[in-house]
Amino acid sequence: MSVQTLYTAATGMESLQTKLDVLANNLANVNTVGFKKGRANFEDLFYRQEKLPGLDDGGDAGPTPTGIAVGLGSRVSSTQTSFNQGAFQQTGGQLDLAIEGEGFFQVTHNGQQFYTRAGNFSLNANGQLVMGSANSGRIVEPAITIPPEATDIVVTDNGTVGFRQPPATELTQAGQLQISTFANPEGLLKMGDNLYQETESSGGAQTGVPGQTGAGFIRQGSLEASNVEPVQELIDLITTQRAFELNSQTVQAGDQILQLIANLRR
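For the sequence shown, the numbering used here assigns the number -6 to the initial residue and increments by one for each residue that follows.
All clues given are correct.
The following label-pair restraints were derived from C-beta to C-beta distances:
#1 34 / 245: 21 to 29 Å
#2 231 / 136: 45 to 53 Å
#3 49 / 238: 37 to 45 Å
#4 21 / 129: 21 to 29 Å
Here are the simulated SDA-like cross-link-like pairs (lysine to any residue), alpha carbons at most 20 Å apart as the crow flies:
#5 183 / 194
#6 44 / 63
#7 183 / 21
#8 44 / 62
#9 44 / 60
#10 183 / 219
#11 44 / 65
#12 183 / 33
#13 183 / 17
#14 183 / 11
#15 183 / 32
#16 183 / 13
#17 183 / 196
#18 44 / 56
#19 183 / 105
#20 183 / 15
#21 183 / 75
#22 183 / 197
#23 183 / 113
#24 183 / 125
#25 183 / 14
If you're looking for bench data, these hints aren't it; they were derived computationally from the structure.
Note that this is a predicted model, so its numbers are computed, not measured.
For glycine and all other residues, C-beta sits at the position ideal for the given N, C-alpha and C.
Work the whole structure out from these sequences, hints included.
Now the structure itself:
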């Protein structure tokens, strides 16, 4: 019936609207440090079974090889996050750090543990290494403190943080950065502000020295760019827009059929 056509096409439009929202968020964060793009996945809804396959009506042909089933639309089944490596931007900043490989930096805020791929760190008033923002400074864990008179900060590939303090020329070790990995990073809860939080789906954090037990290495003087590919996102945007238009035309076709039916008595 044409009424069912309207409802079925509407589910497609609603699903595609969600995909457009995901694409819009990807493009909006094309310059966000450490951002990981999302992808909307779809699944079909249940079916109205008018004739089940395999039924035997007693004829010579035996069970029917196929049935008659009419689908009732689609819906978004999930949104997945792609944790593919983003490109490195060379900044030369001593506190700009990027992870080459898997894993996350650990930060704390108000007693809560968070994880991030963004390595644009800075120092707070106490000399602690923090994930800086205009709203708050989230302290990196394990805590690393650097005195204000330090002239040179060196972070090695394995996360050892050192500094030089005049008149000494040798490096003084300030601490050891650690990297957290997860069995299922796609199960992390997105909190905004470039932060993720552990969930039951992600599994517990496996924390260790960078470069060991599957964790990536630290690259000083670089930032990991967003892994959004603008050209691919624009292609997806065009195809999604066209699919939305097709569903809207289906609604119009169903409406025209209903109008014809309503005018049969004229």
